[in-house]
Each structure stands twice: as structure tokens, then as C-alpha cells.
Amino acid sequence: MIPYLPLLATVIPGIVGILLLLFGKRVEKIAGWIATFVAFSAVVFIIGMTNPLIETYNSGQNYILFEIPWIIPLNIEFGFLIDMINFPIGLVIAVISTLSCVYSIKYMEKVKNQATFYGNLLIFASGMIGVVFSSNLIQLYLFWELMLIPSYLLISQFGISKKKLSIGFKYFIFTHAGALLLLLGILTIFSDTLSFDLVELTYNTSLSPHLIPITFMLLLSGFLVKMAAFPVHTWLPDAHSEAPTPISAMLSGLMIKSGAYGVVRILISIFGPTMIQASDVLLSLALITMIYGGLMALAQRDLKRLLAYSSISQIGYILFGFATMSTLGIMGSLLHIVNHAICKALLFMCAGSIIQQTGTRDIRKMTGLIIKMPITGICMLIGLFSLAGTPPLNAFWSEWMIFGGGINAGKIIFSYIGVAGTVITAGYFLWFAWRVLFGGVPKQFERIKESNPILLIPIVLLASATIILGIWPGIALEFIKPAADLLSSLTGIL
Amino acid sequence: MLHLAPWLCWLVPLGGALFTLVLGIFKDFRDKGKYVACLSSGISVIFSLAMLPQVLSGQVTDWKLNVPKPIEIGVLVDPLTVTMAIVISSISLFVVIFSSGYMHGKHSQTRFWFILQLFSAGYLLVVLADNLLLMFIGWEVVGLCVTLLASFDFTKRRKTYFGLKINTILRIGDLALLMFILTVYSFSGTFNFLELAQQNTWIIRLSESGLLLVSSLLFLVGVTSKAAQFPLNEWLPDMLVNTPSSTNALTEVLAGPYLLIRFLPLLNAAYFLGYSELGYFFLLSACIGGATGLISALIATTQKHVQRIMAYSISGIMGFTFIAFGLAGLNPNWTSGYLAAVTIIIIDAFVSALLILTTVFVSHATKSEKIEEMSGFKSKVAHRGMEVAIFAMISVPPFSGFWLSNWVQTLALDFSASTSNQGSLIPTNSGYILFILMILTGCLTAFYGIKMMSLIFGQKHNRRKKTQAPRLMRHSIISLLVLTASLDLIVVFLVPQLNTFFLPIVKVQIFQNFIDFSIYIIPSASTIATIIALLVGWYLSRQIYSKHKIDSQKLIETYPFIKKCYVVLLNRFYIPTVYHKIGITTIKFSELLYRDIESEGIKQIRIKGIGEFFDLFSNRLVRFSRRIFLTVEKQGFEWANHMISIITIGFSRRVRKLQTGGLSNNLLLMSVGAVLLSLLILVISDYLGMLG
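Protein chains in written order, with the numbering used here: chain A, 1 to 494; chain B, 495 to 1186.
Because the hints were derived from the structure by calculation, they are not lab data.
There may be inaccurate statements among the hints.
[As the list claims (entries may be wrong)] Pairs of lysine-lysine, DSBU-like flavour, derived with a Cα cap of 35 angstroms:
#1 B:K653 - A:K443
#2 B:K650 - A:K443
#3 B:K526 - A:K449
#4 B:K1082 - A:K164
#5 B:K864 - A:K443
#6 B:K526 - A:K443
#7 A:K372 - B:K861
#8 A:K372 - B:K1048
#9 B:K600 - A:K449
#10 A:K112 - A:K29
#11 B:K1128 - A:K164
#12 A:K372 - B:K1075
#13 A:K365 - B:K563
#14 A:K162 - B:K1082
#15 A:K372 - B:K521
#16 B:K1075 - A:K443
#17 B:K1048 - A:K365
#18 A:K443 - B:K600
#19 B:K521 - A:K365
#20 B:K861 - A:K443
#21 B:K563 - A:K481
#22 A:K365 - B:K1082
#23 A:K449 - B:K653
#24 A:K106 - B:K650
#25 B:K1048 - B:K1075
#26 B:K653 - A:K365
#27 B:K1082 - A:K443
#28 A:K162 - B:K1128
[Stated by the list, open to error] Some chain B residues flagged as far from chain A (calculated, every beta-carbon gap over 12 angstroms):
#29 I540
#30 I631
#31 K798
#32 I1022
#33 L1049
#34 V1072
#35 F1118
Ideal placement from N, C-alpha and C gives every residue a C-beta, glycine not left out.
Here chain B stands alone, though its shape is the one from the complex (with noise of 0.2 angstroms):
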């Protein structure tokens, strides 16, 4: 059975999944839904740990079905692989037994339950996938119960509203990666990621054709979109503010960054094979995650409501994702930037998770979601479990941001320095630009992430009322809490191993041990640089939200230019605001196409429409037919008829008088008759020469 196990790990959810779906049709049985959850994401993880002795063994299976071409269905096991089916089927089960509790006597439990299970499935299934297609087909059910999931209290329309316009933002980034996609497939014949991997002419032929670059881009807005990226990130802030809160630790926009990764060495290898467009990509791929990291950071600092804030948390956090993959694909040594994108991956997937489940465990507590709302909340498990997750987020040594962020930065600074000394000023600059930003969001991470903890725990006991929290999720959070403290604090240890356990695929050892870890990372300028920001963040902070010793009140009342900041910031840079726009532009523009070109025509211009051509074209048909039929028929052939009637009456009385009706004057015509007949007959006859 354990050999099934890529299979099963996303085939056992799918399949909860759907018989949550049979349960709910009996009324009995229709909360048990959390049950066939609780099991199926158990036996996931179970599967998922079940691939970890083939991968530690070196092998790299493909496993593929017998299908008809172009369809490709298989599965494939590697370190990578197997490293994100473990962080996804985990968080899921702990998001399944928070949700057991949170969602304990709502509404639509069949309905919840059986998205929920489809989506771990949908993703379990992107990063199981051999091949694009499969790994699409997945994407496309994560973004399907995304949508499903924002539009879950669907009888508000509000609630729906959001549900749409995260499907459309989704699917600008979809339809990108599906052109990528068949692009790939029509230059390589094939989906799958070894066999691209191993083949490298369809890149060859990509650049001979002009289209490497603009398929890479292509690629790129596919990933940013589904990682949450500027411009195209505003989807996730409004899908964690609709959801049932509790799933969202599960939206922690792992795909993008895992497609990052796994194109990672195929596009570093073509780039020093030469095709220098690569480079640009890398390098957008590194600006969109630091503009998204900076941007983020600067809309957390403004906003309210406290999953608003977890969403663009989210957004930075991956922004380093990208950065470390945008300079480790310009790098020829691109093993540090891989394994800092990866342990960024997995680090993240479990503090956003305990950041997300504590801040839902306190709206639930507190009934609000408004962090102003939550102020005074007392509750041990939520303030250790913040604390760890807040302290991971901005950088607090020894906690994992510290590491994770100053390797990236680090690797920033390697490249400026090593893009210096071959005189490239654009890298150079780019790297140093880089740095400066990621320098930027620590400071603004510090600021919000302490505001929040400041907000929430550090003011007089609230006096709303609370509720209790069901058991399961408090059991939930502590555990998620002890892994996640723990996999923190031993990240120095943890990055070494998984340098090891990733050689199929990286191929160098970099870190023998945590000693050649902390050498890379401690002695830098970033390391200065990430504790004076934090400092400073840190500082602020308390001083506004902790001491107030400022007011920021009034600090935006007296100041008009902190107001206009803070008003952009409150509203997002109005990015929503412009989505929108757009929404309502293209539905205006196609009613007016329609009253205009279809319906009606151009009336200023005169030109029917083309619905009226028809109407028109029958109109004139029926007025020239009328009027043939008064001109040439009444007044041509009926006329002509009436003549001829008229001619033919009066002949026939002009010949009756012959008709007198005495027998001899008959006859002595007729022998006329009968001579002048014999006497032209002869005539004839002569002029044929028929008479010899």
C-alpha cells in the first residue's frame, strides 16, 4: 500500500472529498463531515511521510500512466516534492482539527468539508504532479475552491462579490501559465518536468523564435499571481477577509513559489547556456517580490482588519521567495538561492499557519476580526503562539526570519559584489536596490508585527464579550506551536540537512554543518542592517501603540502629507479601486457595443447595427419587390396583358363580321381558302426544287 503512497497522498483527500459529498445527502449523518476530514488529511500525512525513505535513498521516481497522448498523468517523487507534499498534507490536518472546532455548529458543514478536502487535494496534487498539465488541473481546483471558499456565506452579496473578482484575478495569472504551458508543450512535445528537465533544444528553439522571453514572462505572471505578487496580490487580502477564517492557514500561496522552484535549474542552466533574455526574467522575477515585500509591508502598517494584515504578511514573506529565486537563477551557483527559496517555503508554510489559526482563535474568542476590537485579549496559547509566530516574521534572533531574511539578503549583496567586479551596472545596482528594500519591509515587518502583539495583548483587560474556543482548536494551536517553535529555533541546524536531502537535485554541498551556515550568515552588513531595522520598527512601535507616546492621530491630523500617505495606505494604493474599474469598464463597454453595434447601430454615424442588417435587408427587399410590383407588374405585364385582351376582343369583333352564317358565302370562302393554300404550297415547292 505504502508504494501507492504519491498516489494515495492526494487521491485519499479527493476521495474524502467526494464522500463527504454522499454523507451530506443523509441529514443524520451531515456534521460528520469533520470526521472523514480529520481521517483523510491524517492518512495523507501519513502517505506523505511514507516517500520520505525512498527520497532519503537518492531515488527519483516517475511514476506515469499509461494514457492517450497529449494527456499525461503521473506522479512524481523527489526531494522536492516529497518536501512540500509533507508541509502541505501537515498544515492541512491542523487546519482540519482547528476547523473541527471553529466550525462547530455553522452552517453548510457538507459544503465546507468537501472543499476543504478538495482543495489540500488540488494542492497535494500540484506539487505530486509529473507534469504541467496534471500540476495545472490541480492549480486550477485550488483557485476553484479559493473562489468557492471566499464565496462560502454566498447568500451576501458583498460576501459573492469577492468571490468573483478573486476568480478573475486568479485567472489573469492562469490563463498566463496555461499560454506558458503550451507554448512548452508545442516546442517540446511534452509535459513533463524530468523530460524538460533533461531535453534542453525546446529552449533552443524558444530563443531561435523569439518567444523565450515572453513565454518566461508568461510564466512569471502565472506565478505571481497565484504567489500573491504585486500587481496582481489583491486577491488574497479579500479571500482571507471572506473565507471561514479557519482555512485560511491553508492559503498560504505555496504554488507559485513551488513552480519557482522547480523551473529553478532547468531556466538557471539555459541562462548560461547563453540566452541572455533569461536574465531579465530573473531579474523582474527579484524586483516584483522586493516591490511586493516593500509595498505589503507599507498597506500591514495602515490596515484593521486583523486578516488583512495576515494576507499581506503572506505576500511579503513570499516576496523574499522571490527574490531568492530571481538571484539564485542569475547566479551560476544557484544552490544557496534554491535552498534559501525552499527553507523560506517550508519555515513559512508553518509560522504563517500559527500566526493565522492564533489571530482566528482570538476573533472567535473576541466575536471581531477588527484588531482594535481584540485589544486586552488574555489567553496564554494565543500570546505564546503570536509571540513565537510574530517573532519568526520579524526577524528576531535566533527565531527563523533572522536567518531566512539575512540570506537573502546576503545573497543580494553577494551579487551586487560579484556583478561589480565584471563591471555590470544595472545587476550591481539591482542587488544593492534589492537590499535596500528587503531592509525597508524587516523594518516595516517589525513595525505592524509589533503593533499587532501591542494591540492585541498589551492594552486593559477588553470587556467584550468572549467566547470559549472549543477544545480542538486550543489542541491545535499548541501543537502546531511546539512544531513550529520548534522547527524555528533549529532552522541554523535544520538548512544543512536539507542541503543533503536535496543533492538529487542541487548536486553541491554547500553546508556541511551549522557551523558553515552561520559563518555565510552572521558576519555580514546585512546582519547589522536586519537588527537596526528591526530596532527601529521595534521602537515605534511601542512607542505609538505600546506607550503612546506618540499619537498617531494626531500626527495624521497635523501633518496633511502623513494623511494623504495614510489614506493611500489605508486604501490599499487603490489598487481594489482600479480592479474594479476595469470590471465595470469592460461590462459597460460591452453593453455599449451591444445597444450600439448590434442592437441599434451607430446612430451618429447612421451604420445599423448588425442585428438590424437582417430587418433592414427584408425591409428593402418587401419596398423594391412593391415597387417592381407597381412598375413592372401592374403597370408592364398586367397592362400589357390588358392591351392584349383588348387587341385580341377587337379583332374577334372586327372578325365576326365575316361570320354571317349563310352556307354558300362559306363555302365560296373556303374554296378560296383552299386555292390560295394549293398556290403557295406550288410556290414553296418550286423555290425548294422539290418538283424536279
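Extracted from the complex, chain A is given alone in its bound form (with noise of 0.2 angstroms):
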């Protein structure tokens, strides 16, 4: 049964995701129920890995993997990779999309097509899942497609506005085009290797050092347009805005970070020393890209646009880390890409519950919401907190390794100027806090009330993990520790 765990964590939701698209009027009415219980099958999946996996790094191997055959002329196979570098992130994925799954029940519960709302996030569940556990570059692109379907659907057909066919439009367009230049990155890989096998690129085969340039520029910028990095960025705020907020908490906090799984994954392990190389423009991408998506965050009117902005800037933070290419800095992104994925699935979820009360997305007409709406606003606070970097909170943690990381690598300046840009980081949050949550409440909101139960499980569940990597952050390092430490071995960096 073990070995089927990370197959059945990423092909059940895809199956009942398409049952549910073709029968799914019958079961209409139950459908947020059935997507929560097959989404929290593949939470449970997961779980069960987690004995053999740390069975095996304590044998001394690095890796699960398990294998069917598929393409059998060209050699290639349907396989799992689990290891402590995509343990925790396809945790974070299961467990965020089966809150989004609770969080939608009531969320959408007026929306029609419901079956197709909860088919879609099911398959895109499933897509991101089989991102990070695939074992080969071919598979891992098929899910990386896999993922864009569904969320193009999701945005442009449960939008929220007039545009949102625009904006699906623009989203499929840009991230299809980035998944192109990293198919160009995967063939060109296979045109030289005669291999689409992860373990084998990363521990045994290298690729003509005359190809090594243009496959890491072509993978790279693959990785990131979907991780919309400066100046790839633009069509983050209007795809995470425009989406339904169980989708945005799901794009923002999850699908971003398969860019990010990306660069850890087949950037740092198969191409080490040419990171190394691109060290410096990557760091200063990654601080223009924090200052730049905080600056933006600061201007916005819009509640789900800050946030979204905000995901841009942290964006920022998780490519620096990796830039570093230092242990401590690479452990710090791997851990903010689980503790923002749950920081800002809650920010998303409560802006949501805000939005749903008050019928206005409008900052400058939100205020003394912590009164009305006391558990919402003070998860938010929770939220904002930690993402601002205040312990000891989660994402404390992860952003001091990260800079940490760069001072390691003997990149003082850049960590310098990443550790004075997180200034912006905690403006932004606090004026945003200061805005809507403080103050008096406003004659049109004196009859709102606190959020519905339902929407409150998943916002409490989050903010409870927030605290608890807070305090106790060995639960997570627990994994990433020894992915960093890995990643560190194969590259050969301190």
C-alpha cells in the first residue's frame, strides 16, 4: 500500500475531480462535502508517507520513489519522487486545498455549477500534487499543464467581475507561455541526456556544458512566469483578485510556489554551479522584486489586490533565499514556502470573509472591522504579524534564514538591502491593519456580524498552525533541514 500513497494522493483527486465535471448535477448540493473528503484523503496520503520516508533518510537514502511503466518505447515511467524536499510542500498543497474545500462550502454555496467550482479545484489540486511528487521532467510538466487548465476555468468562469474572461485570458496566456520555455528546457534536457528522470539527472547524469546555459534560461524563466517574479509579475494581481477567494488562497499560497518547487527542484539540484553563477542577478531580481511588489502592496485600494501584491513581494523573499545558495538560505525558503502558503491562505480566507460581510473590497471604506468581525480580524492580525516577521510567529523563522542565508554566502549587501526592504513588508501589513481593523465602525457596518462557523474552521485552523510553527518551528525543520542539507551536498555550497 505505501508505495501507492503518493499515486493515490495525486490521481483521486484528479478522478473525482472529472467525475464530478461529467455527473456532477447529481450530486450538486454535496458536492463541497465530497471534494473536502477526497481532497482530505490526499492530506491522509500524505501523512502516511511521512514513517517510510523518514525510515528511509535515516537508512542513509534520500529518496521513496516508486514506478510504473508508461512510455515503454522511449523508456519513460510513471513515477513518484517523495523526499524531504517535496514532503512538506505537497503537505502544504493537500492540506491548504481541503481548507479551501471547507472554506468554499459556504463561500459559494450561492454560486451555480457547484459540481463544476469543486471538480475544477479538485483537478487542480490533483495537478499541483503531481507537480511536486513527479519523478521525471515529462510528468512533471503534464501536471504543470494540468494545473492551468482548471484554474483558468475556475477564474473566468466563477470570477467576480465583468473582466474576468480577460483576465483568464491573460492569466492562460501568460503562464501557458511560460510552461512552453520550460517544455523547450525539458526537451532540450532530453535531446542531450536521453532522460526525463529526476533522480538520474540530479545524482548521476550531467548535461554538454555548451547546453547548460540556454536549458537554465529557458527553465528559469519558466519558473518565473508562473512564480511571477519582476517583471513576469503582471498577471498575479489581476488572476488572484479576480478568482474566488478559496481559489485566490489556493494560487497565492500554493500554485505560485510550484515556480519556486521548480528552481529547488531541477535549478538548484541539477544545475548547481550555474546558480552559483547567476547568484548576483538572481538576488537583485529577487530584491526588486520584494520592493517593488511592496511598494505596489502599499498603493493598493483594493483588498485582494494588496494581498496579491504582497504574494509578489514574497515571492521575492523565497527566490532570495535560493539566490543565496547557502544552506541556511535555501532551508529559509523552503520554509517560507510553507509558512507563507499558510500565512497568506488565511490572509486570503479572512479578506474573504471581510469582503463577503461588508460588500466592499475597498480599503479607504473598511474600518473598526476587529469589533464586528473580533475572531476574523484577530486571525488577520495573526497573519499580518507573521508575515511581517514578528516572532514567534511562523514566518519569522523562514525570512531570518533567508537573509541569514545571503550574509552565509558573503552577499552583505544584497542581504542588507532585503533585510531594510522588509520595512515595506511590515508597513504595508500595518497600515492595512491600522485601516480596517482599527478604528470605529462606520454606520453601514453596524449590523454585520461575525463569519459563518464553516468560514471560521478553516481561518482558525490556519492561524493555529501560524502559531505553532511559531513556537515550536522544529516541526517543519524536522524535513527541511535535511532537504537543505542535501541540496547543499550536491551542489557542493556551504
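Once you've looked at the hints, go ahead and assemble the two chains, each given alone in its own frame, into the complex.
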């Protein structure tokens, strides 16, 4: 059973998603609960891999590989690779997808075509889990594109404004263009090595030197588009603010991290020396992304756009840690993938509840909401303070590791600018909290109430995770530290 | 249980805070938070005292937990941590008891008691942590609690604005400190204080990489902000004005000076090993302290809000710690400076707490925080409390301020004397300048201290309706008064004892008994200057505010220069305005960037915004495809297709004439065709040589 767990975690949400799309009309009313159950089953399957993974690691092996024959003439197998790098990311994807399903039950209850919504959501989740657990590049690419289609449909069908079609189109074109660059990179690797296999490429095979720069550039471009790094970020604010809130939580919290995962799984593992060479350029790009995203967030008046720009800024942090190419920096970035996913999902869900209760997204019209919505307000404050790097909340740990990694790697100026740049993050989050949550309650908000308990369940759970992982960061580091050590040993960095 | 004291000392208030939250869930228990807070603070005092025997026996213990690197969790038990823990936990207990009365019947009890206990826990963690990382967590928790307390009355927008402002100013310092911590970690591989002290290779490497001065300055920015020193001092007045006042006594900015003192032996040793860049760091620290003292005292003379005056007085006193630190760092025999800084922290904690609680007591009774509206207040407890605190603050002999300010002034004069022997001009002058700054500060402090006393207690009976202060407030002040007065008066005996207590750190016993200390302080130019400054300040203040022989209002109106100075001081050198401008400019800049770069592009130079690139690109693409459609598709391929069809039709029409329908004609033509085909095959075969 255990070898099949990653297969089940990946495939079951996808299959049930397709079934919901095909026959969903009959189960329209309970589609949300079905989706929740299925997404939760993925969580259980992934948690089931914990012990085998730890045992494997303790026995001196770095990964669990599970493969079944697929395209025999090309010697390609359909497989799953589980190690300390992708396990926490896969788990957080499954958990947040489950919580998004729970949140959607109430949030999307008045929306038509529920089954279509949940069907797409599950396929989307399946795509993301598939990306992180894929054992070969072509399979990774297929799941990469599988993420795109349902997310495009979710934006363009369930979007909240009249511009949903054009925004969906923009999202599709941008991310698809990125995916094509990724495909070109993958095919270049295959043409040279005749292998798509990640384990082989990581540990045994190396690319011809003359192909390394172009392949690296193609793959990097593909990942940067998905991460929404500056200047290819413009799809993100539109898409993330247009999507229904539970999907925004998944897009901002999870999907953009698939780009970051690509960087760590392919670029750092396979192209380590090139990453070191490109370090300064990537650090500059990360800093620009961080600071520019932060400044844009500060200028926003739309609640969801603010959070969307904040995601761009936070992606800058993650890219920074990877670009330092130091153990501590990589560890920080891997941890920040998890922490940011939790915090951003929390913030989007809080924002969704606020929008639902107040009927507006305009920050200027909001004030004193913590009085009327105390649980949502407090949880939102937890998320905001966490991403602002306040200890003992979870994002504090990852943020200091990221910049500590920079100093470790001798990138002193970059790191100092990065740390100084975090004042912008604190600035826009605190300004936002001050504006929206504090102050007197205006007349038009006097009748609003706290959100429905079903909406509060994921919010409170995510806020609790933020605190628990802050007080006890060892839970996540148990997996992430070996991952960072492994990556360091692969690339020979400090 | 007592062996766990270093952990439980801060974990108990933390647990109390969490338990208060749980109690808050139940309506009937919401007002019971104060009991939890009293209990947790009391237990914390016991645990902090429980560490004393171990330290008195000369033991230094570093208790580390086994956690995955790079995380480090541990507590340190040494004279400095234990002293600070006792001071902080005791002040917390007084504040909690006082607040039990002050907050009686007020709203948001759960939140208040939660924040207060979290504040104590954070503060205790700062001083008990054995490493920089854990210390920084406590540091940030304290900052968070300060923000939450400043925004306590969050329904009032203005108050929440101050929370935002305070957090931003503190964050600047916090980030600088974080940069320092990360740099130290990167060069040493550890956050642990003892390990950092034991190995100095990291300082050598830092110096070689040219980062020693930069990182030490970052460290200075960090502690300057937390210690409310110029120019990052403006958060403290806003904080004290906006929090529930009873908590103000806890906000005594001890964390910054504590960290300075923690690093003093290490940095001093490095300086005298030849890392001269640290000299600038020490000198700058002392100058910051001197400037803060003078600026704070100047501003305090014109302020009307009593808590704002308290804030400036705290900043000023902490300035003396900075001066002591800086001068100690520049002196190979740093013990005296170290002990001076430690003693100021200990004594000031109690003196300032007493002063703040007394003023809050008066404010609570008169229902006003404006000093002029408190005039004519009668209360023996408050009067005695304020007398003891202010006499200590303005250096009236034999109160503690007299000894301590003279001590630091003597250090400055000694420093000047020692450096003048070496012929160094800048340090010599710096010592004298610092001395003059401190004397001026003393004079101004005496002026506003006596002004406060005169305005509050020296006027005719106030007709404003007064509230009876709750017993707990009264009891708390009386207890603190007794303790502070005792400390105040025995400071001359206390210093030699502290010297003995701190021997594991300072290694040298410079004061064997109180006579040594008295001889060190009294027969000096500093003593005379201190007394003159005190008398001048006192005299002027009494002439203006008590005897009314000088009309300050008339002076301001008559002399434009005095008026200008008064306005500048009243507006606190416009420092808050500058902060506000910076904040607003940043927001406007980001809006401009969003509008011009991200959304619309810079219209003037016709550059499209990044966000519009996609629209522009897709529009151009659509236009391009339309043009291709018209030229290549319509006029090219479709025309060609059309022509092909016309030619085919024309050809078939012509060939149709051959289709006569007569069998004989058709057979004839077929025969001709067959003959021609045969001939063609023969010719080709011949050509290819196939027939032989």
C-alpha cells in the first residue's frame, strides 16, 4: 500500500474531479463535502508517507521512488519521487486544498454549477500535488499544464467581475507561455541526455556544457513566470484578485510555489554551479521583486489586490533565499514556501470573509472591523504580523534564515538591502491592519456580524498553524533541514 | 522546581497570559484576569530570586536545549541576567497590582491582562536568553506588546495611528539589530553569548572583511531605537501617552541598555586588541546618550502632558547609561563604567516606576493627564512618592541620582584626563563636551522636575472633581515608595556589593566598601558642577512656577527668540513631523509608482506601464494578425486559391470539348494514347540501357 500512497494522493482528487465535472449535476448539493473528503484523503495519504520517508532517510537513502511502466518505447515511467524537499510542500498543498474546500462550502453556496467548481478545484489540487511528486520531467510538465486548465476555468467561469474572461485569458497566455519555455528546456535536456528522469539527472547524468546556459535560461524563465517575479508578474494581481477567494488562497498560497519548487528541484539540484554563477543576478531580481511588490501593495485600495501584490513581494523573499545558494538560505526559502502558503491562505480567507460581510473590497471604506468580526480580525492580525516577520510566528523563522543565508554566502550588501526592505512589508501590512481592523465602526457596518462558523474553521486552523509552527519551528525543520543539507551536498555549497 | 527557575521565571507569565485568554472565553471569568496576572507575576519574582544563591556562589550556568540547528534555545544564569530578571519581575508585580486598581471596571480586561503578562514574559526572555536569537524573539515580543498597548483603545483612529507609528520606528531598530545578529551568526556560527565571548575569531574575521564598524553601528541603531535614544526616541512619548497609563512603568526601555552591557566586555576587549574601529562605535554611543539627555530635557521643559514628560525623563536617564557604556568601552579598566551603567539601570527602574505610578495616580484622581489641570492635588502618598522619585531624578544629595550622575560625569572627566596625557584631541574634547552636556541636562532636569512638583502640589486646592483612588493603587505605590526610597538612600552602600556580585563578569573589585565609592565620587569638580546645576534649575523653576516672580508667558510674548525656541521645543524639534512626512511620502511614492509604472505608464515619456504591456502586446498581436489576414490570407492565399479554381474550371471547360460521347472517337484517342505511352517507355528504357 505504502508505495501507492503518492499515486493515490495525486490521482484520486483528479479522478473525482473529472467525475464531478461529468456527473456532478446529481450531487450538486453535496459536491463541497465530497471535494473536502477527497482532498482530505490526499492529506491522509501524504501523512501516511511520513514514517517510511523518515525511515528511508535514517537508513541513509535520500528518497523513495515509486514507478510503473508508462511509455515503454521511450523508457519513460510514470513515477513518484518522495523526499525531504517535496514532502512538506506536497503536504501543505493537500492541507490548504482541503481547507479551501471547507471554506468554499459556505463561501460559494450561492454560486451555480457547484460541481463544476469543486471538480476544477480538485483537478487543480491534483495537478499541484502531481507537480511536486513527479519523478520525471515530462510527467512534471503534464501536471504543470494540468494545473493551468482548471485554474483558468475557475477564474474565467467563477470570477467576480465582468472582466473575468479577459483576465482569465491573460492568466492563461502568460502561464502557458511560461510553460512552453519550460517544455523547451525539458526537451533540450532530453535531447542531450536521453532522460527525463529526475533522479538520474540529479545524481548521475550531466548536461553538455554548451547546452547548460540556454537550458538554464529556458527553465528559469518558465519558473519565474509561474512565480510571478518582476517583471513577469502582471498576470498575478489580476488573476488572484479576480478568482473566487478560496481559489485565490490556492493560487497565491500554493500555485506560485510550484515555480519555486521547480527552482529548487531542477535548477538547484541539476544546475547547481550555474545557479551559483547566476547568484548575483537572481539576488538583484529577488530584491527588485520584493521591494517593488511591497511598494505596489502599499499603493493598493483593493483588499485582494493588496494581498496579491504582497504575494509577489513574498516570492521575492523565496527567490532570494534560493539565489544565495547557501544551506541556510535554501532552508529559509523552503520553510518560507510552507509558511507563506499558510499565512497567505489565511489572509485571503479572512479577506474573503470581510468582503462577504461588508460587501466591499475598498480598503478606504473599511474601518473598525475587528469589533464586528473579532475572530476573523484577530486571525488576520496573526497572519499579518507573521508575514511582517514578528516572532514567535512562523514566517519569522524563514525570513531570518533567508537573509542569514545571504550573509553566510557573503552577499552582505544584498542581504542588508533585503532586511531593510522588509520594513516595507511591515509597513503595508500594518497600514492595512490599522486601516481595516482598527478605528470606529461606521454606520453602514453596524449590522454586520462575524463570519459563518464554517468559514471560521479553516481560518482558525490556519492561524493556529501559524502560531504552532512559530513556537515550534522544529516540526517543519525536521524535514526541511535534511532537504537543505541534501541540496547543499549536491551543489557543494556551504 | 526551583532549579527550573530560569525557565519558569518567564514561562509562568507566558502561561498566565495564555490562561487569561482561556478565562476570557467565559463571561463570568473575564474580570479574573487580574488574579492570574498577580499570581504569575508573584511566582515570577520568586523564581527570579531563586536564581540568586546560584549566582552568589559564583556559578555561571548556560542551560541549552537540544534543538535542530540553526535554532538555539537556552537560558543563561549569570549576575547580569539575574539582576535584570529580579528588577523586571519586581516592577511587573508592582505594575500588575497597581493596574488591578487602575483597570477596575474598565473594558477589555482579558486583552489587557493578556498583553501585560506577555509583555513581562517577553521582557524576561530578553534578559534570560542565552543567545541572540532567543533574545531577539523576546525583544520582538516586547515591541509587539508596546504596539498593542499603544493601540489598546483601538476604536479611536488617532490612537491606532500611534500604534502604527511606534511599531514602524521600533522596527527600524529591530531590523538593524537583526542585521547585526545575522552578521555575527554568519561569522561565528553561533548565537550563544558565552560562545561569542569565548572566541574572538569572529571579530577578527569581521574586521578583516571591513564589516566590524558597519555591524557595530547596526547594533547601535538597534539598541538606540529600543532604548528610545535620539533620533529614534519619539516612539516613547507617544507610547506613554496612548497606553493605559498604569502599564507605563513597565515600558522603561531597559532592553536596549541591557544588550549594550551584555556586549561591553567583549567589545571592549576587541577594541584594546587593536580593532580601533570600535572606538568610533563607543564614542558615538556616548554622544548619542549625551545628545538624548540634553534634547529630552529641553523638550520636557515645555511639555504639558505628564506622561510625555515621563517619557523624556526616561530617555534622558537612559542617555546616562549610554554615556557610561561608551566611556567604559574606551577605557581599558572598564569595570567602573560597567558598574555605573548597571547601577543606573537598576535604580532608575524603580525610580522611574515610582514616578510614573505616582503621576498616574494623580491623573486617575484628577481625571486629567495635563499637568496644569492637576494643580493643587493633595495626597500624602502621591506627594512623598513624587518627592522621592524627583529628588533622585534631579540629583539631590544623598538620593541616588546625585551619586549616579556624578559617577558618569567623573568617568567623562577621567576619560578626558587620560586621553589628554596621550595627546589625543578628539577623545579629550569629547569627554569635556559630554561632561558639559550632562551638567546642562542636570540643570534642565532640575528645572522641569521642580516645575512638576510645583504645578501639581504647590498650587491652591484644585476644585476639579476628584476620584478616590482604589486601595490597590495606593498600596502598590506605598510598597514601591518604601523600596525605592531604601534603594535610593543606600546606593552608596549598594555599589560595592554590586561590584562583588558582578565579580564573575568584571573580575576586579574596585570598590571594597562605601568609603572607596564616596571618595571616588565626592571630591571632584563634577560634584560642584552638579550642585550648581541643580540649584540653578531649582531656583529658576521656583521663581517661575512656585513664587511666580517671573512670568514665563510674558517672556515668551516679549522676546521673539524665546518664543521661537519655545515653539520648537513644544513641537519636539519637529521630529514627529519629520517621521510623519517620511511615512506619507513613502505611501505617495508607492501610489505614484503604481499609477505611473504599474498601471498607466509614464505618460509624459510615453512609456507604457508594466501592467499594460500585456494589453499592448495582445492588441498589437491582434492588429498584426488582422493585417496578415487581409494581406497574406485574403489577398495572398485566398486570391491564389481563387485563381487556381478559376484556372481549373477554365481548363476543364476546354477539355470538356474532347468529351464528345462517340465510342469510336474515344477508342481512337485511347489507341493514340497507348501508342504514345509505349513509345515513351521504349525511349526511356533505351536511355537507361535496360534493353541491353
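Hints and how they fare:
no. : hint              : verdict
1   : B:K653 - A:K443   : holds (20 angstroms)
2   : B:K650 - A:K443   : holds (15 angstroms)
3   : B:K526 - A:K449   : holds (27 angstroms)
4   : B:K1082 - A:K164  : holds (30 angstroms)
5   : B:K864 - A:K443   : holds (33 angstroms)
6   : B:K526 - A:K443   : holds (33 angstroms)
7   : A:K372 - B:K861   : holds (30 angstroms)
8   : A:K372 - B:K1048  : violated (52 angstroms)
9   : B:K600 - A:K449   : holds (24 angstroms)
10  : A:K112 - A:K29    : holds (10 angstroms)
11  : B:K1128 - A:K164  : holds (33 angstroms)
12  : A:K372 - B:K1075  : holds (32 angstroms)
13  : A:K365 - B:K563   : violated (46 angstroms)
14  : A:K162 - B:K1082  : holds (30 angstroms)
15  : A:K372 - B:K521   : holds (18 angstroms)
16  : B:K1075 - A:K443  : holds (31 angstroms)
17  : B:K1048 - A:K365  : violated (48 angstroms)
18  : A:K443 - B:K600   : holds (25 angstroms)
19  : B:K521 - A:K365   : holds (32 angstroms)
20  : B:K861 - A:K443   : holds (30 angstroms)
21  : B:K563 - A:K481   : holds (8 angstroms)
22  : A:K365 - B:K1082  : holds (19 angstroms)
23  : A:K449 - B:K653   : holds (24 angstroms)
24  : A:K106 - B:K650   : holds (33 angstroms)
25  : B:K1048 - B:K1075 : holds (33 angstroms)
26  : B:K653 - A:K365   : holds (19 angstroms)
27  : B:K1082 - A:K443  : holds (29 angstroms)
28  : A:K162 - B:K1128  : holds (34 angstroms)
29  : I540              : holds (25 angstroms)
30  : I631              : violated (4 angstroms)
31  : K798              : holds (26 angstroms)
32  : I1022             : holds (47 angstroms)
33  : L1049             : holds (41 angstroms)
34  : V1072             : holds (16 angstroms)
35  : F1118             : holds (15 angstroms)
Hint check: violations occur at hints 8, 13, 17, 30; the rest are consistent with the structure.
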